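Residues per chain, in single letters:
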Amino acid sequence: MEKLRRTLLYVPGNNPAMIQSAGFLGADFVVFDLEDAIPINQKDSARILVKNALKSIDFNSVETMVRINSWGSGLTKKDLDSIIPSEPDIILLPKAESKEDIEKVVRCIELEEKKYNKKIPIEIFALIETPLGVINSLEIACADKRMTGLQFGAEDFTANIGTKRTKSGEELFYSRSQIILACKAKGISAIDTPFVDIDDMEGLEKETEFAKQLGFDGKAVISPLHIDVVNEIFSPDEREISWAKKVLNAFEKGEKEGKGAVSVDRKMVDAPIAARARRIIEIAKRMAI
Amino acid sequence: MTKVVKSIKKVLKLINIKDGMTISFHHHLRNGDYVMNLVLEEIAEIGVKNLTLAATGIYPIHQPLIKKMENKIITKIDTDFISGPVGEAIVNGKLEQPAIFRSRGGRARAIETKELKIDIAFIAAPSADSAGNINGVDGPSACGPLGYAIPDAHYADKVIAITDNLVDYPLFPVRIEENLVDYVVVVDKIGDAQKIMSGTTIITRDPIGLRIAKYALQVIEQSGLFKTGFSFQTGAGGISLAVADYLHKKMKEKNIIGSFALGGITKFLVDMLNEGLLKTLLNVQSFDLDAVKSVKENPQHQAISVSRYANPKAKSCAVDNLDISILGASEVDTNFNVNIVTDSNGIIIGGSGGHNDSAEGSKLTIIVTPLIRGRFPVVVDKLTTVTTPGRCIDVVVTERGIAVNPNNKEIEERLINSNLPIVPISKLKGVAYQLTGKPEPIKFYDRIVGKVEERNGKIVDYIRMLKY
Amino acid sequence: MKIIKKAQAGSLESCDIFLKVEPYDCGIEINIENGVKNRFAERIKKIIKETLKELLVENVKIDVNDKGALDCTIKARLETAVLRAC
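For the record, the sequence lines run as chains A, B and C. Residue numbers are given in numbering that gives the first Met the number 0: position 214 of the first sequence equals residue 213, and the series is strictly consecutive. Residue numbers are given in numbering that gives the first Met the number 0: position 192 of the second sequence equals residue 191, and the series is strictly consecutive. Residue numbers are given in numbering that gives the first Met the number 0: position 57 of the third sequence equals residue 56, and the series is strictly consecutive.
The following block holds chain A by itself, in its conformation from the complex (with noise of 0.2 Å):
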């Protein structure tokens, strides 16, 4: 059953106050942050509440990620330590480039599933934010079967390859399409950057519908403020809604019929499309509309 994931909501790993209801507010799924958010001298402080929160906070079915310190920051090990036992549903590791650096993230978790002779269900994300990760991005999402989705970091991005984020965003056209190809290849979830500028709801939804329309499954956000926006452009709207049921039906009735394709408003449905529709009822049914 496809996962709901149209917002990824960021949320700072040493604020106890967002932490506690950020199953709450609407959003898909929630990462708690290790990394960037958090100045070093609290890095000890935010591992430990994320740890905590995650073993005693109810998140309201929302699946649960935590973003810890990349493979070069020499913090990962003790994250990885920290977090895993306290299984939260993804671990999403940033600054991804290689197979390796995946395959580094999997051998910790099978070490924790051997130590207490338990199989740790944790999936894993990797934020592709160099020009290194996009290249690799296909093996990176083909890397372990744990992999479920790939987020794209534009700041970082942006600043690895030496130029300025833009709204318009040509900077960021090639590594866009080239991780959503890796993800849809693999049948794992696209995810976008977040939109930088809290305030700006007009450009907020002018880069979610661009997004959508490239491909993206869901986009992170880093502010509560955009989940709202975001989830509505990408979710099916009332539209959509009816022309799947009506191509479904069609099509379903076609197959019993012995026909590969049937003709709905002159327009030829057969199986990607019937495929399609059937993928936005399962969204609708998920949003409960």
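None of these hints come from the bench; they were simulated from the model. Bear in mind the structure is a predicted one, so any value in this text is a computation, not a measurement. The C-beta atom is built at its ideal place from N, Cα and C for all residues, glycine as well. One or more of the hints may lead you astray.
Mimicking SDA-like on lysine to any residue, the simulated pairs with C-alpha atoms at most 25 Å apart in a straight line are [to be verified]:
{"hint": "1", "chain 1": "B", "residue 1": "K251", "chain 2": "A", "residue 2": "A260"}
{"hint": "2", "chain 1": "C", "residue 1": "K1", "chain 2": "A", "residue 2": "Q41"}
{"hint": "3", "chain 1": "B", "residue 1": "K157", "chain 2": "B", "residue 2": "I201"}
{"hint": "4", "chain 1": "A", "residue 1": "K245", "chain 2": "A", "residue 2": "S222"}
{"hint": "5", "chain 1": "C", "residue 1": "K66", "chain 2": "B", "residue 2": "G429"}
{"hint": "6", "chain 1": "A", "residue 1": "K205", "chain 2": "B", "residue 2": "K213"}
{"hint": "7", "chain 1": "B", "residue 1": "K249", "chain 2": "A", "residue 2": "E204"}
{"hint": "8", "chain 1": "B", "residue 1": "K381", "chain 2": "C", "residue 2": "R38"}
{"hint": "9", "chain 1": "B", "residue 1": "K116", "chain 2": "B", "residue 2": "K213"}
{"hint": "10", "chain 1": "B", "residue 1": "K437", "chain 2": "C", "residue 2": "K52"}
{"hint": "11", "chain 1": "B", "residue 1": "K466", "chain 2": "C", "residue 2": "N64"}
If the Cβ cut is set under 10 Å, some of the chain C residues that face chain A in the computed set are [claimed, not checked]:
{"hint": "12", "residue": "K5"}
{"hint": "13", "residue": "S10"}
{"hint": "14", "residue": "S13"}
{"hint": "15", "residue": "I16"}
{"hint": "16", "residue": "P22"}
{"hint": "17", "residue": "G67"}
{"hint": "18", "residue": "L69"}
{"hint": "19", "residue": "D70"}
{"hint": "20", "residue": "K74"}
{"hint": "21", "residue": "R76"}
{"hint": "22", "residue": "E78"}
{"hint": "23", "residue": "L82"}
Starting from the known structure of chain A, fit chains B and C onto it as the hints suggest.
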């Protein structure tokens, strides 16, 4: 002729203020009011004692009142709302007699039935003429329709206008007519109108608050009442205001024109009126300067008296014509009783204000509140203080679930069939306690320091002195 | 664990707790600011004692300023302060 008297001191002598009298003030200047403090200072100098202070609202700026309580100049308070240090002083036993907490409509009823007899009404008057005609919309301290001062003006033995803007006779427009007024005193400033918009009358930016507001909007949409001609009132809290904002957008989208919005009026409601989304505003109090300006300039924005607003014993009143009210709560119990007078530490933080009135009057009453506040559960076994009875409350909306009062079968049926997270109120309570744990009970002395009344005058709870 | 130096953790933000720990000879001493007015004072003390037991700390002086922290936050902040103080 002139009723102008040189000073407050002089007028107090003229009216022969005595021990044991009841004096009244309105709170239209909210936390920017100077008048109550000015008058009480002069009264303190004269040396009268054992006065009852019948103030419609007491704010942090009225902190000097505490000394008057300690010196037994004021030994009783009769009010609709207290926020700030005076509330804390009362629960610490500084007031000799129990304070009486009434609703807006309840106070109007008590005055008009002579249950609350006012000897002297001091009316802060943003504009006045020498004959005592008063309005609230002109002058440097313009603060709105003076709705809460109307019963006092009609029923007090002596009525004193205190103004910082004396104009030539005759003043126009006039809100309180000269035939009701005894004297006029001119002072430098009656208050700071910038401070009217104080405290919570700002739309919330807290994401939890906004989520609750979103849910409340959906409840309204599913209620069957959301159609052209509907009417509503929102409380002054940040979440209620966010609901008004969402309502605004939805009404525009669905082309729904409301008949009226009632109560404390803010810029949000003024904008809705100006955009043609509401036919009229019935204003008993202006919460900001835009609302002050609009009630003066726009004939569709009507000033009403508190008696017309909510007096249950009047021939009719506006709250009884309301469709929907959206109100806050400090605590709710599993019988849907609401506390709006004290916080979870037993300290006075408010008062019924219009809560009791609109909750009883409106067809649908929605409480909007986070499930926990700080570490305290909002939905609890037993309220610290009952203010509004559960029979008036239909829906409680929190970010973690929505509870419907089983005594409203129609709403229950509509909402259960919607996609909203409807849960029994006992479940909300369970979730709250699971999050926070059960706090130690508050310790009280037996001594009663406050009596809380419903709008009809029936005592619904007592406030006791805190023991540390 | 032995507390060998002063350390602090947490903050005065809403829903958080600010803890200062320091070395002490006579067992466990917990001071809660405005403790008499805090309806969760006993519960806070209980969580602190339980956590200290788990961390095998027997001697420590703790000053607490609570801003409405839930149990897991109290536990986490204490754990952080203790680790910093060892």
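**Asked** Against which earlier hints does the structure fall short, listed by number upward?
**Response** 1, 3, 4, 9, 12, 16
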